[in-house]
Structures are given as C-alpha cells and as structure tokens.
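Chemist: Protein chains in written order, with the working numbering: chain A, 1 to 290; chain B, 1 to 327; chain C, 1 to 234.
By construction, these hints were calculated from the structure, which means they are not laboratory data.
Bear in mind the structure is a predicted one, so any value in this text is a computation, not a measurement.
All C-beta atoms in this analysis are idealised placements derived from N, C-alpha and C, irrespective of residue type, glycine included.
Certain hints may be false.
Dumping the calculated PhoX-like pairs for lysine-lysine here, alpha-carbon to alpha-carbon at most 25 Å [said to hold, decoys possible]: (1) Lys262/A / Lys317/B; (2) Lys262/A / Lys130/B; (3) Lys124/C / Lys159/A; (4) Lys262/A / Lys277/A; (5) Lys6/C / Lys153/C.
Distance windows between CB atoms, simulated [unchecked claim]: (6) Leu281/A / Ala36/C: 44 to 54 Å; (7) Ala65/A / Ser284/B: 51 to 61 Å; (8) Ala316/B / Gly28/C: 55 to 65 Å; (9) Arg53/C / Arg313/B: 23 to 33 Å; (10) Lys124/C / Val185/A: 44 to 54 Å.
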Amino acid sequence: MEAFLLQLAAGIATGGIYASVALAIVMIYQATHHVNFAQGEMATLSTFIALTMIQAGLPYWVAFAGTLVVSFVMGALVERLIMRPVQHAPILTHVGVYIGMLLIIGNMTGWVFGYTIQMFPSPFEGGKPMLGGLFSAHQLGSVAVTLAVLILVYLFFTKTSLGLAMRAAAYNPRSARLVGIRVDVMLALGWGLAAAIGSVAGMMVAPIVFLDPNMMLGILLYAFAGALLGGIDNPPGAVMGGFLVGVLENLAGAYVVGTDLKLTVALVIIIGVLVLKPSGLFGRVVFTRV
Amino acid sequence: MNALPARFLLVVVGLAAALAPLWALESFHLFQLTLAVIMSLAVLGLNIVTGYNGQISLGHGAFFAIGAYVTSILMAQADWSFYATLPFAAAICGMVGYAVGLPALRLGGLYLALVTFSLAVAVPQLLKHKALEAWTGGVQGLFLMKPDPPRWLTSVLPLNADQYMYLNVLIVSGICFLLAWNLIRGRIGRALMATRDHPTAAEAMGMDIAALKTGAFAVSAMITGVAGALSAVAVEFVAPDSFTFLLSITFFVGMVVGGVASILGSIFGGLFVLFVPNIAESISRAAPGVIYGMILIVFLFVLPEGFAGLVRRLLAKLSSPENPKPQ
Amino acid sequence: MLLEVKNLRAGYGPTQVLFGLDFAVAEGGVTALLGANGAGKTTTLRAVSGLIRPEGEVLLSGQRISGLMTESIARLGVAHVPDGRGTFMELTVEENFRLGAYTRRDPDVAADFARMWEWFPRLKQRWRQQAGTLSGGEQQMLAIARALLLRPKLLLLDEPSFGLAPLIVRDIFAILRRIREESGVGILLVEQNANLALDLADHAYLLETGRIVMSGPAAEIRQDEAIRRSYLGY
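This is chain A alone, in the form it adopts within the complex (with noise of 0.2 Å):
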C-alpha cells in the first residue's frame, strides 16, 4: 500500500509540472489554433538562463523572478518576429516554423550552455520527507509553486481587463479588434506568458532529472498527452489532463509496462484519447461547416 501511495504523490508531483507545460501549450493553441513543439526547448533554455543567474550569485528566488521575465520577453519576440510574418501561411508552414524553431533553439541551448548534464539546485532543500513520508521536500513546494502559477494565471484570465482581452482576442479576434482590443499585441503577450509558465515547469523539474539541453522532450511528449486528454482548447481541463497523466505514468511504469516504456504510455494516451474522444474529457466538440 506504502509502495502505491508513494508512486500516486511522485505522479502528483510529476504531474504538476506536466500541467504547466500542458497549460503554456493550450495557451498558445488557444489563441492561435497552433500548437508549439518548441515549447520544450525554450523552456530548456530558460532554466540554462536561471542556472546562470544562479551560479553568477543571484539568490534562488531572484533568479526566478528573473527568468519569468526573460522567458516572457523570449515568449513575445519569437511571437512578434518569426510567428508575425507567417500568421496566414497554410498549416506546413507553421508546422514547419515551429520545428525550425525547436532546432534553433534547441541546438543555441547546447552551443551555449553545453551538453554536460548538470545539476540544478531545489529551494526546497530540507531532507525530511513529508506528509507522512510520501513527499520530499521538493516535491511538495514543485507542487505548491506549480499551483500556485496556475491560480494566478486563473485569477489573471478571469479577473483582470487584460486578462480578459487576451481570452476574447484568442476566441474572436475581428470582434475583439472591433471592440478596441490590440490584437497583436495580446497575441505577442500571450506566448510571453506562456514561455513564463514553461519556464517554471523547467525550474521545478531540472532538479529531479538534471539538466541538459534534452531535457524537456520526454517532458513535452506528457505534456501534450495530458493537454489532449483534458481538451485542448480548456486551460483548467489540460491542466487537470496533466495531473492525470503524471498518476498515470507513473502507476503504469511501476505495475504494468516497467520504466523502459513510459515514453510509450504518453503515446498510448495520445492515441487513444484522439481515437475515443478527440474533444478529450472536459472539451467541448467543435464541427466544422461545410
């Protein structure tokens, strides 16, 4: 029973930071109807620029701060300069731009910062375990910053004017523009924010798997698999998707496939979720007119 609930809480803790990335990627699909497959590597790069602050002396936290606002203006220029010039193209396009865009900064990260696998520290240092032992200390505050970013973000969406105008921008942009609202310029913070967001899903994760430029493939394949699984086009659907799919790959990689296979139990639910139930479990259907 021990051995269950404590791969439950490494799912939990795992799928937290599934949830954010999942929540940076339903972002920028909701507002443009694209998904970024390099969402991954910038938020590698992010945690490479955090890594950095920290070794030149910053305190943990004010590295943090530090590269939320880094990767958000990242997240805005490679809006405003590669994603701009071909908003119209057809979908290869896009697809392809996204792609060149994993490679470039993919590889940046690797010229820069190097391949050596390197540690990445945990403010939540503490050695104790917690909650009875299910949890280490790391754990736990990934898991509490985790929520903490999306209860803001919640709050951001729901609450605020601009939160407001980024949501009417992504659902109807020529009654958004009609009603004054910048389209352009919700669109260029909209992927600022999410690059923050992916950002602190690589701060929380680095610790635990260390890092290096390839870190966050495995991580993104999750990440899309619990986006789908809640419903692409729901923010609080994708994020409890990638909760979902933490529990879920970690129960299935410890009882039924064994460890070497996980990668195969996001692909299983990709698949499987498209197949059964393409809206996923809180989405909404959509029909295409003729």
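Please arrange chains B and C on chain A, whose structure you already have, making use of the hints.
Modeler: Only chains B and C this time, still in chain A's reference frame:
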C-alpha cells in the same frame, strides 16, 4: 518546340548525371551520394502522404526504422539475401502504414502532426525494449554486410561493393520514383490532391476519402520503409539511436525545403538534408544545428514552395513569350 | 457631418465589390443603406470599420479613418455590430459587457451598465450565462448593448432584423428608436427589411451591385414607385 525530344533529352541527361558518379566520385563521396538518394526516396514517401494528400506526418522516421530493422533482422538473423528482404520490408511497412492511416482518418492536421511527432519520440525507446532484444540486438544494434556485385556483372563492368550499392540504390529508387510519378499524374494523384484541398467537396463528389487517405499512408510508408531498408545495408549497421525524432524532422525539412508535393522537390530535399548539415558545420563548427534551423525558417519565409517552386518559376519566366515593344 | 464617405472602393482579393460610393451620416442622424443580397451592404460597413482595407476617403468628424487598423477606428468611436452579431459566445453576458467598455477610462461605465440593464432587462437576468446560450433576439440585444458601451459616436448595424421573429424585431427597432432619441449616436443601418429601415431613418441610400443608384430623405424614398414595387412589396 516539340515536347518529346526535349523530354527525351532530359531523361538522357538525367541518366548520365545519375550514373556518372560511379566513375567520377571516390568511395566516401559516392557513399554520401548513395545516402542522399536514399534520403530523397524517404522524402518522396513523406511527400505522398503529407505533400500530395495533406496529412501531416512528423513520424516517418518510424517507417524508415521499421524498414531498416526488417531488412536487418532478416539478413542478420535469418540469412536472407538483400534483394529478398526488400519486398518483405515494403509489405510490412505498407501494412503498418495502413494501420496508422486508419486512426489518422479521424484526426485533423495539427492533431495528426502531434500524434506522429509523439510516435517519432517514442520509437527509440520501443526499439530498445528488452522483449525485442533477441531480434533487434538491443542498444548495440545489428551489423550487416553490403552484397558483393555478382560475377556476371563484374566481368562486364568492374565495380566494387560501394559502387554496386550505389547502383542498387539508384535502380530501386528509380523504380519507386517512376511508380510514384505515374501515380501522381494520374487519376489517383488528382484525387489525393482534391482530398487535400477540398475534402468536403471531394466527399460530396463520391470519392472514397477513407480509402484514399489510408492508401496514401500505406504507399507512403512503403516507400519510406524501402528507403530505410536500403539505408540499413548501405550503412551496414542499425541501432535504435539512429532513429530518433530528429530523423523524422529531417525528412520533414527535406520535403519543405525541396518543395512540397513535388517529385523533383523530393530529390532536392534529399540532397539538401544530406549535404547542408555539412555545410552548416563548416559555417559554424559549434552550432550547425542552429544554422540548419535558420536555413529552414528562411526558406519558409522566403521560398515556401521550396527549390522545386523556384525552378518552376524560373522555367515559367524562360518559356513565357517576350513582351512586344510598345508603339 | 459625422461620417463622410467619398469614392469608396473595396473588395475581397481580386474581386471588387464596391465601385465608388458617396454617402454620409449626420451627427445624431440615422442613415439607412438598402439593397438586395449581394449588393455590397455588408462590405460597405466592413470598409468603414476597417475590417477590410478600402480605397477612397472615409472621414469621421473630419478625420481620415480609411487605412487605419480596425482597433484604432473602434477607439475613435466607431462601434460595428457585424453580420453574425460578433458576440463572444464562449464568454458570459457580463464579460461581453466588460469587453464593450474595454477601451474606456471614464467613470461613467457603471452608469452605462445600469442604462443597458434598463433598456435590456433580459440581459441582466442572464448576467452570468454564457452568451452562446442566449436566444437569437437576446444575442442581438447583447450585441447592440456591447456596441453602445463603447460610447461610440457612430454605430454601424448590419441587418439587426436578420433571423429574428417579427415580435423580437419590433422590440429591437423600438430600442433603436430609443437610442436615436436618448443618446446622440449617429447610426448607419444596413437592412434588407426596407420598411423597418425607412421607418427609422432620416436619410436612405439604395445600393445595387456595388453602386448607389438612389439617395434622398427616407420619407421621399418611401414614396418612390420603383422602391415600393421592388423593396416594399406594394
């Protein structure tokens, strides 16, 4: 100008250009060219399902891997001859392609890209799995040997194993390209493109969309799978880490840069993905991947129709009648 | 003049739809744009609000707005209720209201909300409901309320009667009459229902395949023999 002599000339020139390297290039460059032709074949496969039929696949590396492993296993574990394995690899890949095509029917552009991308990421892990180790050789992989040229050929034309391999690859690819060209310019090709551009209209006109799309996947997987089989023997080695998601991305890049939905583009694309990374490395030893990605994005911004599109435009300009001078 | 349009040309890609229109809307006045399907009425409104880029001159209170971006034109006081109503379906009635007033920084927003509740009590009832669940008539009211919350100088209405039952249409036009009387907003009204439009408007233009073929005070147009036969049904 009569089209027939021009076409004939083009074919002759093409054949000459294809065969010349046998004598013009030494071993290493010939090997590289061999791989480039294999890449072109793989990109052709991708073009059939993504370029001509609009179903975005970011996971064609999986079919390449299956083709490579089927051939390798049959040759290394069951001692089959290289030629016997080819139709087998093609058939198996075709079936897997069809199996992938079935659920793909329900998925639209981006979702399919996502699923196939996930497939590409999961492939190395699957290949390394212990259950298959007895056959696949696990992480260490399998070693193969290129076939030696048969006596009757060397008595007429002295070729070493590398040159013989190049010839084999050329012939197999040539056949595949010819079949694909025939398919595309006929009724089926038009149907594939109609399904891509106006799916609801195509369906309303009575086309069997499901059969077309799954068929496209099957044929596409077959061709890329054959390319994989060829590559296994050309390189004389297969291992799971040869087939990461970067391979699928490479095919995609080749298709886009060479020219989507273009036979000629597939050839350009194969050459591009093999030789440009080397060029990128000479530009920047430290970050060839960055240069590579930038080239891709520049192409997408500036030349979305790829090399083939550029060629098409140049040809159109050259053959258009000159404007009469104003009076 | 609130809105002056000179030699307006516009189209979609290679297809030209408007071939040089001249019309105007007076301060606080109601101008109707009549015509059959495909005449170019919706295109005209889109050209004024900036959803499509026009050639020619569009002046709002003397200031040139042709060539500006849609959101800039909206911020200058042009509220467009487009074809299809343009409601934010996934958002609540409340959120639609808040979006209508998004660009405003003045303290009268709360008072305007209250006025809209008075004019459209059903919207207040459905305050927290998703806009997509409202009936056709309620969505039209929501669209108009949202436009008015911009405190516009000019209101562009694209076929407010479209797809609505006659009783609801009557209510909507009663509200339009109220708008004309109680606020100083100028209205450019596109309608296929010529009767209703000519009842409300001061001035009217008739559009046929992208050209204005008749113009004049609404009362006169109403009496015109040809108009009566073709558009008024008697």
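Chemist: Each hint should be assessed against the structure and marked as holding or not.
Modeler: Against the structure, the hints:
Taken as a hint, the lysine 262/A and lysine 317/B pair is broken in the structure, with Cα atoms around 55 Å apart against an allowance of 25 Å. For a cut-off of 25 Å, the pair hint linking lysine 262/A to lysine 130/B stands: about 14 Å separates their Cα positions. A hinted pair counts as satisfied when its Cα atoms are at most 25 Å apart, and lysine 124/C with lysine 159/A qualifies at roughly 19 Å. Taking the CA atoms of lysine 262/A and lysine 277/A, the gap is about 22 Å. The hint holds against a cut of 25 Å.
Annotation: proposed proximity of lysine 6/C to lysine 153/C holds, straight-line Cα distance about 19 Å (limit 25 Å). For leucine 281/A and alanine 36/C, the Cβ-Cβ distance of about 48 Å falls inside the hinted range of 44 to 54 Å, so the restraint holds. Distance hint for alanine 65/A and serine 284/B: a CB-CB separation of about 33 Å, inconsistent with the stated range 51 to 61 Å. For the pair alanine 316/B and glycine 28/C, the supplied restraint of 55 to 65 Å holds, since their beta-carbon distance comes to about 58 Å.
Against the hinted window of 23 to 33 Å, the Cβ-Cβ separation of arginine 53/C and arginine 313/B comes to about 28 Å, which satisfies the hint. Evaluation of the 44 to 54 Å hint for lysine 124/C and valine 185/A yields a failure: the beta carbon distance comes to about 32 Å.
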